[in-house]
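Asks: Each chain, letter by letter, is given below.
Number of protein chains: 2
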Amino acid sequence: MITIVLLGYGNVGQHLYNVMEAAKDVDVVQVYNRTKHKTLKTPQTQDLKALVSADVYIIAIPDDAIGEFSESLPFKNRLVVHTSGGAHMDVLSSNNLRGIFYPLQTFSKITKVDFSTIPICVEAENEADLQLLKKLGDCISEKVVEISSSAREKLHVAAVFVNNFTNHLYHIAETITAENKLDFNLLKPLITETARKIETLSPAQAQTGPAKRNDKKTIEKHLKLLENSKYRDLYEHLTESIENSGE
Amino acid sequence: MITIVLLGYGNVGQHLYNVMEAAKDVDVVQVYNRTKHKTLKTPQTQDLKALVSADVYIIAIPDDAIGEFSESLPFKNRLVVHTSGGAHMDVLSSNNLRGIFYPLQTFSKITKVDFSTIPICVEAENEADLQLLKKLGDCISEKVVEISSSAREKLHVAAVFVNNFTNHLYHIAETITAENKLDFNLLKPLITETARKIETLSPAQAQTGPAKRNDKKTIEKHLKLLENSKYRDLYEHLTESIENSGE
Chain A
1 MITIVLLGYG NVGQHLYNVM EAAKDVDVVQ VYNRTKHKTL KTPQTQDLKA LVSADVYIIA
61 IPDDAIGEFS ESLPFKNRLV VHTSGGAHMD VLSSNNLRGI FYPLQTFSKI TKVDFSTIPI
121 CVEAENEADL QLLKKLGDCI SEKVVEISSS AREKLHVAAV FVNNFTNHLY HIAETITAEN
181 KLDFNLLKPL ITETARKIET LSPAQAQTGP AKRNDKKTIE KHLKLLENSK YRDLYEHLTE
241 SIENSGE
Chain B
1 MITIVLLGYG NVGQHLYNVM EAAKDVDVVQ VYNRTKHKTL KTPQTQDLKA LVSADVYIIA
61 IPDDAIGEFS ESLPFKNRLV VHTSGGAHMD VLSSNNLRGI FYPLQTFSKI TKVDFSTIPI
121 CVEAENEADL QLLKKLGDCI SEKVVEISSS AREKLHVAAV FVNNFTNHLY HIAETITAEN
181 KLDFNLLKPL ITETARKIET LSPAQAQTGP AKRNDKKTIE KHLKLLENSK YRDLYEHLTE
241 SIENSGE
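Chains A and B, in that order, give the protein sequences. Quick note: the first sequence, position 140, residue 140 per the working numbering, numbers continuous. Quick note: the second sequence, position 13, residue 13 per the working numbering, numbers continuous.
Treat the hints with caution; some may be incorrect.
Only pairs whose alpha carbons sit at most 30 Å apart, straight line, appear in this in silico DSSO-like list of lysine-lysine [unchecked claim]: (1) 24(B) with 217(B); (2) 230(A) with 36(B); (3) 224(A) with 212(B); (4) 181(B) with 221(A); (5) 143(A) with 24(B); (6) 212(A) with 24(B); (7) 112(A) with 143(B); (8) 212(B) with 230(A); (9) 154(A) with 217(B); (10) 181(A) with 154(B); (11) 216(B) with 109(A); (12) 217(A) with 24(B); (13) 24(B) with 36(B); (14) 188(A) with 154(B).
Stretch by stretch, here's where chain B covers chain A in the computed footprint (C-beta under 8 Å, at least three residues) [unchecked claim]: (15) 20-34; (16) 79-85.
Derived CB-CB ranges, DEER-like [to be verified]: (17) 36(A) with 199(B): 48 to 54 Å; (18) 183(B) with 179(A): 26 to 32 Å; (19) 213(A) with 183(B): 26 to 32 Å; (20) 48(A) with 111(B): 52 to 58 Å; (21) 232(B) with 217(A): 26 to 32 Å; (22) 114(B) with 41(A): 30 to 36 Å; (23) 201(B) with 36(A): 40 to 46 Å.
Treat the hints as calculated values from the structure; they're not laboratory data. Note that the Cβ used here is the ideal one computed from N, Cα and C, for glycine as well.
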């Protein structure tokens, strides 16, 4: 049994709590959070001095706050990990043994996620802790990988492209359809298929469209249609980027 | 029974052929294509003069070629439609009765698609033809919508954002992972979830990440990591666009 104290009960914290509570070899013994949650059966505290002993302390709070928070923990030489894709392991206080437990996924409060398919990226200062984090990862996911902080930072940049930036393109499409009194739902099968296609094809193989086939006439027409849109420049930049990428 | 002559047997043509052949109220009576296909049971021709009579002639060839091709058809006053999202109905020759039968989806030769969920956008010069195209659409899809050429052009721009541009972001992420000897597959659950999320949330509600939360520190770090990348500018433009869009 691996015992866990969960530090932070926001979006990521709640998802981790749910999946770890359900895992038979993991026991979340305590949850620390600034505000108390009524529905939680696990013992809670709002006082760092009241933290109990555990195999792993998992910090699930905003990136900017991790450093200072880890510095404020009132114990030493215990395994303390954070769950961020973008923050280096070094941001954690050296008072404790440092590690990373990063689930590579986008979480939202209302949608349930299946952790078994989510890659868990782990890292630790020493080998025994790394093995423990791998074991913990195996309890909730089928895909646990050791990734260094510097590689994880790059993975996080790539994640921003496929998640935040892609979602922004969805937003632009929704704006264009709304402005023209068209139903955004018309585009949803296309969105689904675009994501599904790269299960079997590389994105380079899957690429189609005016930029790919250097169809200047269509590109010009689209730029004209976007004349009064704040997204015209982005259409141009993305088109150029496809043309220059040799996909 | 609606009889069809299919003009063009490329990517879209083959998908349309398969779904129409399987539909019980549609009969593809002839396929015209420059090269003969060995496996096709339906009568084929490479000679426009040999085209037989049908209720609907469906042109499925590249946008640029539609106009000239439709002009070369050796008959008049029959219903001739094209299947393009980006081309106006007017590109079709006025020798015949014009219409549009546009399946809003991305097609690739190797992946099978379920037409029942694909929106079919129809348009016609006269009401009787419009009703016929709607009926034809109903035979293969649960979602048939009447959309004017000018609205369809805008829908097509939106489709470029969610399909071609989104796929390009996948390509960028694959490039970043490859350059850093990371496995692109690690990002696939994130790609799937990003697309799935907007089934229940609007893209604006679903947005997260450094640009959305105005996290300058992470943005600066990412730009530094992309210092030698040709995708650095695009990261910057997309970040600005999210900041300015008020998502």
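Asks: Are the hints correct? Go through all of them and say.
Replies: Status of the hints after comparison with the structure:
1. 24(B) with 217(B): Between residue 24(B) and residue 217(B) the Cα gap is close to 60 Å, so the pair fails against 30 Å, i.e. violated.
2. 230(A) with 36(B): Cα-Cα ~47 Å, so violated.
3. 224(A) with 212(B): With Cα atoms ~29 Å apart, residue 224(A) and residue 212(B) stay inside 30 Å; holds.
4. 181(B) with 221(A): violated, 40 Å
5. 143(A) with 24(B): violated, 45 Å
6. 212(A) with 24(B): violated, 37 Å
7. 112(A) with 143(B): holds, 28 Å
8. 212(B) with 230(A): holds, 17 Å
9. 154(A) with 217(B): holds, 15 Å
10. 181(A) with 154(B): Holds. Residue 181(A) to residue 154(B) sits at ~10 Å (cutoff 30 Å).
11. 216(B) with 109(A): holds, 25 Å
12. 217(A) with 24(B): violated, 39 Å
13. 24(B) with 36(B): Given that 30 Å is the threshold and the Cα spacing comes to 25 Å, the pair holds.
14. 188(A) with 154(B): Distance ~16 Å between residue 188(A) and residue 154(B) Cα, so the pair holds.
15. 20-34: Since 0 is below three, the answer is violated.
16. 79-85: That given contact is violated, which follows from only 0 residues of the stretch 79-85 of chain A lying within Cβ reach (below 8 Å) of chain B.
17. 36(A) with 199(B): 48 to 54 Å: violated, 33 Å
18. 183(B) with 179(A): 26 to 32 Å: violated, 40 Å
19. 213(A) with 183(B): 26 to 32 Å: Roughly 30 Å apart at Cβ, these two residues keep to the hinted range, so it holds.
20. 48(A) with 111(B): 52 to 58 Å: With Cβ atoms ~53 Å apart, the hint holds.
21. 232(B) with 217(A): 26 to 32 Å: holds, 30 Å
22. 114(B) with 41(A): 30 to 36 Å: Taking Cβ atoms as reference, residue 114(B) and residue 41(A) lie about 43 Å apart, which means the hint is violated.
23. 201(B) with 36(A): 40 to 46 Å: violated, 28 Å
Consistency with the previously given hints fails for numbers 1, 2, 4, 5, 6, 12, 15, 16, 17, 18, 22, 23, ordered from lowest to highest.
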